[in-house]
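S.K.: Here are the chains, one letter per residue:
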Amino acid sequence: MSNAAIELRGITKRFGKITANKNVNLSVYGGEILSLLGENGSGKTTLMNMLSGIYYPDEGQIFINGEEAVIRSPKDAFDYKIGMIHQHFKLIDVFSAAENIVLGLKENGRYDIKKVTARVKSISEKYGFDIDPDKKIYEMSVSEKQTVEIVKVLYRGADILILDEPTAVLTPQETQKLFAVLRRMRDDGKAIIIITHKLHEVLSLSDRVAVLRKGEYIGTVKTAETDESQLTEMMVGKKVSLNIDRTESENTADRLVINGLDLYDENGVKVLDDITFTAKSGEILGIAGIAGSGQRELLEAIAGLLKVSSGEIIYNNPKTGDSENLRDKTPIQIRDLGVRLSFVPEDRLGMGLVGNMDIVDNMMLRSYRRGKSVFVNRQSPKKLAEDIIKDLEIATPNANTPVRRLSGGNVQKVLVGREIAASPTVLMAAYPVRGLDINSSYMIYNLLNKQKENGVAVIFVGEDLDVLTELCDRIMVIGSGRVTGILDGRTADKNEIGLLMTGTNGGAENEN
Amino acid sequence: MKTNEKHTREPLFHITKRSDIVWWKAWIIRAIAIISALIVCSFVIIALTKYNPIQVYKTMIEGSFGSERKIWILLQNIAMLLCISLAVTPAFKMRFWNLGAEGQVLIGGLASAACMFYFKDSIPNGLLIPIMLVASILGGVIWGVIPAFFKANWGTNESLFTLMMNYVATQPVAFFIMVWVPNGSSVMGVINQMTKSGWLPDLFGKKYLLNIIVVAVVTVIMFVYLKYSKQGYEISVVGESENTARYIGINVKKVIIRTMIISGAVCGLAGFLLVSGTNHTVSTNLAGGMGFTAIMVSWLAKFNPVVMTLTSFLIVFLQRGAGEIATAFRLNESVSDILTGIIIFFIIGCEFFINYRINKRSKKEAE
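Note that the protein sequences, when read in sequence, are chains Y and W. The first sequence begins at 40 in our numbering and counts up by one. The second sequence begins at 868 in our numbering and counts up by one.
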């Protein structure tokens, strides 16, 4: 039997008291796609960072093509022909694709961009990439940028490719295209490791699946011999039901009416273009779209954080029956009007929470103004923090732990817990399950559903179309800041949504 | 396959961040740092001066605690440094780098001196001193709030702005000294030497006691303000993340300006204490670099006002000790500066070992 392209033996990595990887044994062969599956915080990225030279293992050995290897820096990793495509792209916007690809490469001889372009083209043809080497990065879509990153590592002669959640930013169509390319690279004899937590992708793409749970290596199975429920069980450690209950909406009323919203960013680029929709009480309205299509701006405009240039945001108060226009109002003014608007922003630690503060102080963010005293009252926030820790099963030493020390899922539970505790009438959540494990994700879905049953108008910005179509009552699709369609969540089709996302259908403008 | 020799060996050290450290372990590390600093200093002393290091350290301690008078001067110096450190702390907690304490203190001091010079003994001390206090605080506030206003409205760089305001502040002081001292020596003598108008009174016959009490009170107020008040909480939120502050509806501009008013006011108070309670005169060198030393005091204490009493004690103790050995052993001032430099280097450097752990290559694998 030939040697594995990569073999890990007894790899252990600790950060302080936390063991991120414990005695992991794993091997990948040339000409296969291995999925590395695990919940968030299970140590997938840490493990791969040890292969790409970002971290150094505390214990264990790495063998590459049968020889022991020591990878101390990303450069060492390149020397071993390991290339990693990170979740966040590392490209220079004003450079062309070809320029980015050769950037930092020390080749002998004169810098010859024509030669580079020719080689990029030949790599692209070989694997079926769709790439224009002369196109500047800032003109590219997310999927094109990803292609550049992949070509970049291939150009450096990588034989082992590691992709960290490559599909997180892609539409279904783009994902299919990426998978086709990956299959071709596999057939060419490359070893490919893909980090993911989307089960259906694992099943459709990979040859074998390795599962990590809480830093421990659980096992490797052949994809052909497994199914979703077995993989989930391996990942979570117990059986999990993967169904989202979608109750019928009752007593819906127009809670938030958005009318012709236009918004320009600080550079004068139009990011929201004539957005019109209605959020109803007792209903979950999903917002689908490619990342960066204006979802963040829309929610921030409604929350009073961004100034719109035209349009109106009408809130119908269920208590008084009054209608208020929230446009040009600050968050404080909105609250003073008695509008109970909760907002779970995309940037949890940069906006929703303060990472260096403990859970109690983060609970206080919403409530500290209460009362006339000049001093803050930490008693009720402490009580709230303890309740939320208990109800949402937040894993934390105590309520006085800084939020940044918690894992992603627990951070999100703190944030969602606080926003729901304000008993909102409108709840906006942007990517609330991004980076969360299966258990936590389903807990968040259930919380949103419970809010819906309580008559809250829920606005849910999501990225996983499977979840959107299972959870939402209606799905609004936006592309480049425009509403390209509003569909019934019960009948919507993923491919239809995907087409609307790219704006090739239904938009005011067609890409010709 | 060709394997590079250096690739096959694990690095000798690698550094990992500590997630948490028990408080007594941190203090052991600090104690080790101070002891090693003293050992290193001993070698330097022997190499440079051939004196007995123990003798030198003894003199250093005597410089601060040698006599009752020296203890009072020590306490007074600590009080003034602490006062200015307290002033910069709220701004620093808000990540507003107020490097302009020097100028804010100076303008505060100038305001007091002007009151003393113009009112002379025309009004009783009971009225003059409150007027001076208000004038000083107002001066400090104006000097502090100008950069804050520009930062809040146009996002100017506060470090540069406050730093340059220091140089601007020396000009009116120099100007008024010229006006008040017509003989051209441009040195202001003690104001109201005979009448002692505008001089802070001695308390229980102790010259600096009132200064020290005032600063002690300010320390407690600042501690409570930062830790328990709503405004203190807003300062922390703005400092940690302006986006979060906006998200929960804090008016970031208002907080920046309000906090710099407080910072400038305490600087003004320090200027008042220096003129009215200590020097009874004004010069362009009134703050004497304390506006910058205060930054170190505040940082070393991680912005905790109570811990700042310790860090300002440490700095003042080293300064006084250094001065003492320079005179006692007839040394060049530079030698004592080298010694304080070494000690401060070790104290700041040990924070690295408190935050990070160094893992050595284990023996088994090294072979």
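It should be emphasised that the hints constitute simulated quantities derived from the structure, not laboratory data. Incorrect hints may have been included.
As the list claims (entries may be wrong) - Simulated pairs of lysine-lysine, PhoX-like, Cα-Cα distance not exceeding 20 Å:
#1 W/LYS1018 / W/LYS892
#2 Y/LYS216 / Y/LYS160
#3 W/LYS1120 / Y/LYS346
#4 Y/LYS422 / W/LYS1169
#5 Y/LYS160 / Y/LYS184
#6 Y/LYS346 / Y/LYS358
#7 W/LYS1094 / Y/LYS421
#8 W/LYS1120 / W/LYS1018
#9 Y/LYS174 / Y/LYS184
#10 Y/LYS533 / Y/LYS237
#11 Y/LYS309 / Y/LYS277
#12 W/LYS1120 / Y/LYS56
#13 Y/LYS411 / W/LYS1018
#14 Y/LYS346 / W/LYS960
#15 Y/LYS253 / Y/LYS237
#16 Y/LYS429 / Y/LYS489
#17 Y/LYS368 / W/LYS1120
#18 W/LYS1018 / Y/LYS368
#19 Y/LYS174 / Y/LYS153
#20 Y/LYS411 / W/LYS960
#21 W/LYS892 / W/LYS1169
#22 W/LYS925 / Y/LYS421
#23 Y/LYS165 / Y/LYS129
#24 Y/LYS154 / Y/LYS165
#25 Y/LYS216 / Y/LYS184
#26 Y/LYS411 / W/LYS892
#27 Y/LYS114 / Y/LYS145
#28 W/LYS1094 / W/LYS960
#29 W/LYS1073 / W/LYS1097
#30 Y/LYS114 / Y/LYS129
#31 Y/LYS429 / Y/LYS411
S.K.: The structure should be examined with respect to each hint, and the outcome stated for every one.
M.R.: How the hints compare with the structure:
1. A C-alpha spacing of about 41 Å is found between W/LYS1018 and W/LYS892, which places the hinted pair above 20 Å, so the restraint is violated.
2. Our distance criterion of 20 Å between C-alpha atoms is met by Y/LYS216 and Y/LYS160, whose separation comes to about 17 Å.
3. With a C-alpha separation of about 17 Å, the suggested pair W/LYS1120 and Y/LYS346 falls inside the 20 Å cut-off, and the hint holds.
4. Of the pairs offered as hints, the one joining Y/LYS422 and W/LYS1169 is violated, with about 28 Å between alpha carbons and a cut-off of 20 Å exceeded.
5. Proximity of Y/LYS160 to Y/LYS184 is assessed by CA-CA distance (about 16 Å); at most 20 Å being required, the pair is judged to hold.
6. Pair hint Y/LYS346 plus Y/LYS358 does not hold up; C-alpha atoms about 27 Å apart against a cutoff of 20 Å.
7. For a cut-off of 20 Å, the pair hint linking W/LYS1094 to Y/LYS421 stands: about 16 Å separates their Cα positions.
8. At most 20 Å may separate the alpha-carbon atoms for a hinted pair to count; W/LYS1120 and W/LYS1018 meet this at roughly 8 Å.
9. Simply put, Y/LYS174 and Y/LYS184 have alpha-carbon atoms about 10 Å apart, close enough for the 20 Å limit, and the pair holds.
10. Annotation: proposed proximity of Y/LYS533 to Y/LYS237 holds, straight-line Cα distance about 15 Å (limit 20 Å).
11. A C-alpha spacing of about 48 Å is found between Y/LYS309 and Y/LYS277, which places the hinted pair above 20 Å, so the restraint is violated.
12. Proximity of W/LYS1120 to Y/LYS56 is assessed by CA-CA distance (about 41 Å); at most 20 Å being required, the pair is judged violated.
13. The suggested pairing of Y/LYS411 with W/LYS1018 is violated, with an alpha-carbon distance near 30 Å, which exceeds 20 Å.
14. Restraint check: the Cα-Cα separation between Y/LYS346 and W/LYS960 comes to about 29 Å, which exceeds 20 Å; the hinted pair is violated.
15. Pair hint Y/LYS253 plus Y/LYS237 holds up; C-alpha atoms about 17 Å apart against a cutoff of 20 Å.
16. Among the hinted pairs, Y/LYS429 with Y/LYS489 is consistent with the structure: their alpha-carbon atoms are about 18 Å apart, no more than 20 Å.
17. Only pairs whose Cα atoms come within 20 Å are accepted, and Y/LYS368 paired with W/LYS1120 is accepted, the gap being roughly 17 Å.
18. Our distance criterion of 20 Å between C-alpha atoms is broken by W/LYS1018 and Y/LYS368, whose separation comes to about 23 Å.
19. The straight-line distance between the Cα atoms of Y/LYS174 and Y/LYS153 is roughly 14 Å, inside the 20 Å bound, and the hint therefore holds.
20. Of the pairs offered as hints, the one joining Y/LYS411 and W/LYS960 is violated, with about 24 Å between alpha carbons and a cut-off of 20 Å exceeded.
21. Between W/LYS892 and W/LYS1169 the CA atoms are separated by roughly 18 Å; this keeps the pair inside 20 Å, and the hint holds.
22. Restraint check for W/LYS925 and Y/LYS421: not satisfied, since their Cα atoms lie roughly 51 Å apart, outside the 20 Å limit.
23. Straight-line distance between C-alpha atoms of Y/LYS165 and Y/LYS129 comes to about 24 Å, which puts the hinted pair past the 20 Å bound.
24. Between the alpha carbons of Y/LYS154 and Y/LYS165 the distance comes to roughly 17 Å, so the proposed pair stays at or under 20 Å and holds.
25. Note on Y/LYS216 and Y/LYS184: the hinted pairing holds, with a Cα-Cα distance of about 14 Å set against a maximum of 20 Å.
26. Taking the CA atoms of Y/LYS411 and W/LYS892, the gap is about 42 Å. The hint is violated against a cut of 20 Å.
27. A C-alpha spacing of about 12 Å is found between Y/LYS114 and Y/LYS145, which places the hinted pair at or below 20 Å, so the restraint holds.
28. Straight-line distance between C-alpha atoms of W/LYS1094 and W/LYS960 comes to about 11 Å, which keeps the hinted pair within the 20 Å bound.
29. A C-alpha spacing of about 38 Å is found between W/LYS1073 and W/LYS1097, which places the hinted pair above 20 Å, so the restraint is violated.
30. Taking the CA atoms of Y/LYS114 and Y/LYS129, the gap is near 16 Å; set against the 20 Å cutoff, the hint holds.
31. Between Y/LYS429 and Y/LYS411 the CA atoms are separated by roughly 30 Å; this puts the pair beyond 20 Å, and the hint is violated.
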